[in-house]
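Kindly generate the complete structure, drawing on both the sequences and the hints.
Protein chains in written order, with this note's numbering: chain A, 33 to 247; chain B, 3 to 256.
I should point out that these hints are in silico values taken from the structure, not numbers from a laboratory.
All C-beta atoms in this analysis are idealised placements derived from N, C-alpha and C, irrespective of residue type, glycine included.
Treat the hints with caution; some may be incorrect.
As the list claims (entries may be wrong) - If you want the footprint, here are the derived chain B segments under chain A, 3+ residues with CB under 8 Å: (1) 4-17; (2) 26-38.
What the hints assert, rightly or not - Computed beta-carbon distance windows for the label pairs: (3) A:Asp214 <-> B:Ala6: 45 to 55 Å; (4) B:Ala44 <-> A:Leu93: 55 to 65 Å; (5) B:Ala116 <-> A:Phe179: 53 to 63 Å; (6) B:Tyr255 <-> A:Phe179: 36 to 46 Å; (7) B:Met21 <-> A:Ile38: 18 to 28 Å; (8) A:Thr167 <-> B:Asn63: 21 to 31 Å; (9) B:Phe12 <-> A:Pro84: 28 to 38 Å; (10) B:Phe20 <-> A:Trp67: 29 to 39 Å; (11) B:Pro254 <-> A:Val51: 50 to 60 Å; (12) B:Ala44 <-> A:Leu70: 40 to 50 Å; (13) B:Arg30 <-> A:Lys213: 44 to 54 Å; (14) A:Lys115 <-> B:Phe20: 17 to 27 Å.
As the list claims (entries may be wrong) - Listing some non-contacts, in silico: residues in chain B with all C-beta distances to chain A over 12 Å: (15) Tyr46; (16) Leu51; (17) Gln83; (18) Lys95; (19) Phe209.
Below are the chains, spelled out letter by letter.
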Amino acid sequence: MSEMIIGSVPLLMAFTAAVIGRKKQSTYWLLLFPWFLLYTFVNQWIGFFMWPLFHVENQLLFNVFMLIEKGFYFYVFYSILRKHVFKKIAVGAGTAFLLCYIYDVVIINKLFTYGYYAANAGNLALVICGLLFFTEILISEDYVDIFSLPMFWIATGIIVFAVGVLFYLCFFSYIINDVDKDGKIWRILATILSVIEYSFFTVGFTLKHKWVHSK
Amino acid sequence: MIYAICLVTFVLLVLTTFMVFMLLWQRRRSNSFILEREIMKALYKEQLLKTQLEIQEQSFNAISMEIHDNVGQTLSLLKVQLNIIDQQKTLDKLLLAAAKENVGKAMTDLRDIAKSLNSERVQQASLKDMVEHELGRISKTGIIRGLIQQEGDEQNLTSEKKLILFRSIQESFQNIIKHSDASEVNVHFFYQPDQLTIVITDDGKGFESEHVTEKKQGLGLTNMITRASMVGGQAIVSSIKDKGTTVTITIPYE
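Printed below as a string of structure tokens:
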């Protein structure tokens, strides 16, 4: 419970910052951010109470959440990337995730068991998209004040979370069955990474810098 | 095993942090390079504008002199001729013809001045033509005789390069008029495959160029060297006492 509360505070802060900063968000996909964060918040709490209150497994809920979360992030990266070739790579990475998702979650696990392989594939693909965004910043011919770029904070938050859970998810079945049976390590890890991710989001949304159109 | 998971995750996060820091560091370097480039561009534009203003000022001075010395004199003479015709009882056809000739001369001079004021013409004219015109103006004084030569096929230069080069050559002419006591100045254009070399030689009193430090070079020579380097070229001034001075300006076409 305490981990949930700790993890929810920065999430709510990011949500508040995204709502307040809506006027600055001139692109369509950025207007979706508050809704996405609200959905994340509601999803986390419903998932948390599903078993204790209704004795229902929450794995389907998180499988759906995985698809929406990763899909939304891919869409954000696709919209912010400017180079055509980078956009193509982002689409490739997104498609690879989708194929993994269909195979792992739909075909193998029949939707009711959490698809950690798909989650890992999604995280890897998001790391690739984040690196593409960083590369674009790096090779830009114009003067770029990185700290004033909201997308820098958002991309860094996404990458940190994705990299942080990468190793755990790689050995998920082994860890969850032998080492971390009660899932305590996972909860701590996810909480720490969520705090970092959503804090970065909050910084991004509170920046005075006007959002740049993706195109 | 728990420690291994924590350790590997920690290492991965450290690597991510390191990568972000590398990005920030590299971007900072690029930013400072971009700023430097912007400053250079601004300086170049400023220098170009300054050059244009100087050329304009120089042209105004030349035009003022031209009006005073040529058109003014012709019209004064015409006035005298008309006064004489007015006082004569019979019309002196010869005097009238001379007056007509003077009106024609004044008109031609004014047309030349108007042409030289046309900025489009200046932009379209070749560097050699512009220098020839300037040299002709100097030669008119009768103090210095100018000669222009060309080797190789003329190549196109950007208007910025042309202006800066022309201003440098003008600067060189002014130095010759003011300090050299020369009676002859030669301008030689060498159009090479990838660069243009302009050699300006005078037969003046010269100076010991080895002893002339940058401070003593005066604004004229320094400006000339700076301007040449601005368009990717170089200017070298060499002189021997009592044997004249040679200014060599080399500019790449690209």
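So, going through the hints one by one against the coordinates:
no. : hint                              : verdict
1   : 4-17                              : holds (count 8)
2   : 26-38                             : holds (count 7)
3   : A:Asp214 <-> B:Ala6: 45 to 55 Å   : violated, 18 Å
4   : B:Ala44 <-> A:Leu93: 55 to 65 Å   : holds, 58 Å
5   : B:Ala116 <-> A:Phe179: 53 to 63 Å : holds, 58 Å
6   : B:Tyr255 <-> A:Phe179: 36 to 46 Å : holds, 43 Å
7   : B:Met21 <-> A:Ile38: 18 to 28 Å   : holds, 27 Å
8   : A:Thr167 <-> B:Asn63: 21 to 31 Å  : violated, 56 Å
9   : B:Phe12 <-> A:Pro84: 28 to 38 Å   : holds, 32 Å
10  : B:Phe20 <-> A:Trp67: 29 to 39 Å   : holds, 34 Å
11  : B:Pro254 <-> A:Val51: 50 to 60 Å  : holds, 58 Å
12  : B:Ala44 <-> A:Leu70: 40 to 50 Å   : holds, 48 Å
13  : B:Arg30 <-> A:Lys213: 44 to 54 Å  : holds, 47 Å
14  : A:Lys115 <-> B:Phe20: 17 to 27 Å  : holds, 25 Å
15  : Tyr46                             : holds, 18 Å
16  : Leu51                             : holds, 24 Å
17  : Gln83                             : holds, 69 Å
18  : Lys95                             : holds, 76 Å
19  : Phe209                            : holds, 46 Å
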